[in-house]
Amino acid sequence: MKTIWVIARNTFIETIREKILYAIVGFSLLVIVASLLAGSVSLGQDVRVIQTFGLTAMTVFLLVITIFVGSHLLYKETEQKTIYLTLTKPVTRVWFYLGKFVGLSLVIGASALLMGLVYVILLWAKTGFVAPANYWAIGFTILEAWLVVAVGMMFGSFASPISSALYSFGLILIGHSTTTIHAIAQKSAPTIRYLLEGVYYAFPNLEKFNLRNEVVYAISPNPTQVITTLIYFVAFTALLLALGIAVFRKNEF
Amino acid sequence: MLRQYLICQSIILYAKALSNMLKLQKLTKQFWLGSKPFTAVNSLSLEVATGQVFGFIGLNGAGKTTTIKMITGLLFPDSGQSSWKKQDSTSVESKKKFGFMPEHPQFHRHLSATEVLSYVGELFEIDPTIITKRTKVLLKQVGLADSAKIPVRNFSKGMRQRLGFAVALINNPELLILDEPLDGLDPIGRAEFKKLILEQKAANKTIFLSSHILSDIDEICDQIAVIDKGKLLFIGSPKKLTGGKKSLEAAFVELVR
Amino acid sequence: MIFTDLKLRIVPLIVLIAWSVAYISQINYDAWRYYSPSVLNTSFNEFIEPQPLSPQNTRLISFGATEFAANIYWLQLIQYYGGGTPYGQYRKLPELFDTVTELSPNFQQAYITGLIILPGEGFVDQALSLGEKGQKNLPDSWEMPYYTGLVYHIYKKDYAQAGAKFNQAATFAGAPAITKLFAGIYFKEADQRKKAYLIFQTVVATSEDQYIIARAEKQLAHLDGIFTLESAVAKYRQQFSVYPKNLNQLVTSNIIKKIPVSPFGVKYTYNPKTGRIGDD
Chain L
1 MKTIWVIARN TFIETIREKI LYAIVGFSLL VIVASLLAGS VSLGQDVRVI
51 QTFGLTAMTV FLLVITIFVG SHLLYKETEQ KTIYLTLTKP VTRVWFYLGK
101 FVGLSLVIGA SALLMGLVYV ILLWAKTGFV APANYWAIGF TILEAWLVVA
151 VGMMFGSFAS PISSALYSFG LILIGHSTTT IHAIAQKSAP TIRYLLEGVY
201 YAFPNLEKFN LRNEVVYAIS PNPTQVITTL IYFVAFTALL LALGIAVFRK
251 NEF
Chain S
1 MLRQYLICQS IILYAKALSN MLKLQKLTKQ FWLGSKPFTA VNSLSLEVAT
51 GQVFGFIGLN GAGKTTTIKM ITGLLFPDSG QSSWKKQDST SVESKKKFGF
101 MPEHPQFHRH LSATEVLSYV GELFEIDPTI ITKRTKVLLK QVGLADSAKI
151 PVRNFSKGMR QRLGFAVALI NNPELLILDE PLDGLDPIGR AEFKKLILEQ
201 KAANKTIFLS SHILSDIDEI CDQIAVIDKG KLLFIGSPKK LTGGKKSLEA
251 AFVELVR
Chain U
1 MIFTDLKLRI VPLIVLIAWS VAYISQINYD AWRYYSPSVL NTSFNEFIEP
51 QPLSPQNTRL ISFGATEFAA NIYWLQLIQY YGGGTPYGQY RKLPELFDTV
101 TELSPNFQQA YITGLIILPG EGFVDQALSL GEKGQKNLPD SWEMPYYTGL
151 VYHIYKKDYA QAGAKFNQAA TFAGAPAITK LFAGIYFKEA DQRKKAYLIF
201 QTVVATSEDQ YIIARAEKQL AHLDGIFTLE SAVAKYRQQF SVYPKNLNQL
251 VTSNIIKKIP VSPFGVKYTY NPKTGRIGDD
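First to last, the sequence lines map onto chains L, S and U.
Residue numbering for the first sequence follows the numbering used here, beginning at 1 and increasing consecutively.
Residue numbering for the second sequence follows the numbering used here, beginning at 1 and increasing consecutively.
Residue numbering for the third sequence follows the numbering used here, beginning at 1 and increasing consecutively.
Think of the hints as simulated: they come from the structure by calculation, not from any bench.
There's no promise every hint is true.
[As the list claims (entries may be wrong)] What follows is a set of in silico ranges between Cβ atoms, one per label pair, in the way DEER data are often shown:
{"id": "1", "chain 1": "L", "residue 1": "VAL33", "chain 2": "S", "residue 2": "ASP183", "range": "48 to 56 Å"}
{"id": "2", "chain 1": "U", "residue 1": "LYS194", "chain 2": "L", "residue 2": "ILE184", "range": "47 to 55 Å"}
{"id": "3", "chain 1": "U", "residue 1": "LYS157", "chain 2": "L", "residue 2": "VAL33", "range": "43 to 51 Å"}
{"id": "4", "chain 1": "S", "residue 1": "GLN25", "chain 2": "L", "residue 2": "LEU166", "range": "40 to 48 Å"}
{"id": "5", "chain 1": "S", "residue 1": "ILE126", "chain 2": "L", "residue 2": "ALA218", "range": "49 to 57 Å"}
{"id": "6", "chain 1": "L", "residue 1": "GLN80", "chain 2": "S", "residue 2": "GLY51", "range": "30 to 38 Å"}
{"id": "7", "chain 1": "L", "residue 1": "VAL33", "chain 2": "S", "residue 2": "GLU199", "range": "57 to 65 Å"}
A virtual CB, placed ideally from N, CA and C, is assigned to each residue, including glycine.
Could you build all of it, start to finish, from the sequences and the hints given here?
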């Protein structure tokens, strides 16, 4: 357990010292602040526009970081041979994989907190009031990004970084189209319907983590929704980690 | 009486030495080059007794690194096993006693030498105060005391090699596994490194080192194994290989041919 | 050796050529941009009409960020409406309002803005259907029936519908106090005087605004005058089997004592052919 934490901390330090991360986070902060401009031309709907623009920018950049770093994480270790440093020590591959996951999740969490802080300050300065729905939406966005970390690492355990980034990206798009897929499935002929429903249940339903539309109406999730989403998150992340570890355990370096 | 006692003692010591050893049993590893199988290590068996400096000699591509990777668990053998004190050498318990230095040691780019050592130390679950103490001593020992705070990405090849050696020693290991420790170093660096290894030998460590530079081996090793195309050709003391007449190099070339 | 020498001379050459090409194309662009006769007498930017995707397709490519997509179209709509149009009519305006409200069904301000803007640009029916959609999606908002009623009044002259909408709006908490009074006035205008009378009575009974109560009482008195005259005309017809020639005959034949006076100072009119009492 302690070893996982040591690896996680090492991953965290190693990743947050990357200049590219600063560039992406800095740019995202710029875009979040720029939502003020969009708000100013919205015919009195500035709060609405700042909320949707800010949260959307946050989500997009968080997922960019996640895909970019998540799919490179294991590859970088093997490519730069730094994996020899860790795996030859009293460390099992499971611990290594979990440590990497926790470390990157910490990086994502820290970036999200920074972005969220800027967003909340901006909203507060503009309106003097931040609805709790905003915090829920940010929290669920972080959960979504953590799930995508597990996705990226799973693909990264057997595919090249570029293909695993593409797979993760595709999975995110499918995960956010689940509502549409379900709606189409209900209208389709039986065979196509079973196929689409299979897709609907097999892929992670990222729309569960999307509370960003409700923020505009200051609707906080109800407790059942929060609990089911949390259970879903834990179960699906565990599934993805298990799959990734199963592949990673057989990898040779 | 005394004589009997001494014999008894030496038998106990010998038994101890035998039990504390690294033992490879019929290790075999195949790679696939396209559709053709290529046997990197072919049914390799050997034993390293405690306190020995064991030289593992072969040409480039003879299977030295593959063998070492199988010992440390980076590669999985197709068949056979490697054990340490009758335990699987890739288990966490065994690896706690190992110090390993890979062929061209690489470290996380953004860490400094001190951070690398404390990271590895924490992986061994060593007490932080001991880590700080050992880090200072080791960095001084390998001559990196002045570069302790510089990010490792700015290190030269020789400096990385030195840091690799320090990393291998952080847990005060019982068995040191060094893969080509002298490769790519300048003559002065080589001399210094040999000194470091001999210091460890004096500290009664078991050392398993691979090399293709025979002159160095001659000076350091008690026991050598020669491997070519994945097969063990010779095991014994360097003197046994040379037969007291030829140079080690000539004997080696003869053996491999 | 030759190659490196060649490279040294080639690099400045490439720089020079590339720069000249860039310079010439810039001059060309400027000539076209500033000195050629402009199309449709507008600048290039204004010439582009918004081309919103269908709500279904937008939903498909928004990947869950539907409110975000709605707000993008909202901003586009505002830019479009503020920017002027070379076609003389904001042809895409109804489509944009529809897309925004499809993507964000609870976007109240979008409905209200649509109900205010659209009819003036010649899209009365589209405005009314937007109002209906708003009423369906925001069943608790008084603004939806209120602004829909205004469209019926101003652009359709359909006072019965306007009255019905205002009457509906008046039932919501938060609706302006005057809404109910307006509903009554609309019903009166639509010749549904009995309904109007009842509404004015409710206003008097429930309103807390003295001004509104006074207005409603005046309306009641005004309607009372009409009702008196109507019943007198009916009585006259019963007695003489014909409509009176004018209202004075009602007094001379002793059916009423005098012709009532409207509190608004208007004269009641009378159509001897139909026996109808008017007030305009």
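Now for the hints, and whether the structure bears them out:
1. L:VAL33 x S:ASP183: 48 to 56 Å: 53 Å, holds
2. U:LYS194 x L:ILE184: 47 to 55 Å: 53 Å, holds
3. U:LYS157 x L:VAL33: 43 to 51 Å: Holds - the Cβ-Cβ distance for U:LYS157 and L:VAL33, about 50 Å, lies within 43 to 51 Å.
4. S:GLN25 x L:LEU166: 40 to 48 Å: 44 Å, holds
5. S:ILE126 x L:ALA218: 49 to 57 Å: Between S:ILE126 and L:ALA218, where Cβ atoms are some 52 Å apart, the hint holds.
6. L:GLN80 x S:GLY51: 30 to 38 Å: Cβ of L:GLN80 to Cβ of S:GLY51: about 35 Å, so the range 30 to 38 Å holds.
7. L:VAL33 x S:GLU199: 57 to 65 Å: 59 Å, holds
Checked against the numbered hints above, the structure breaks none of them.
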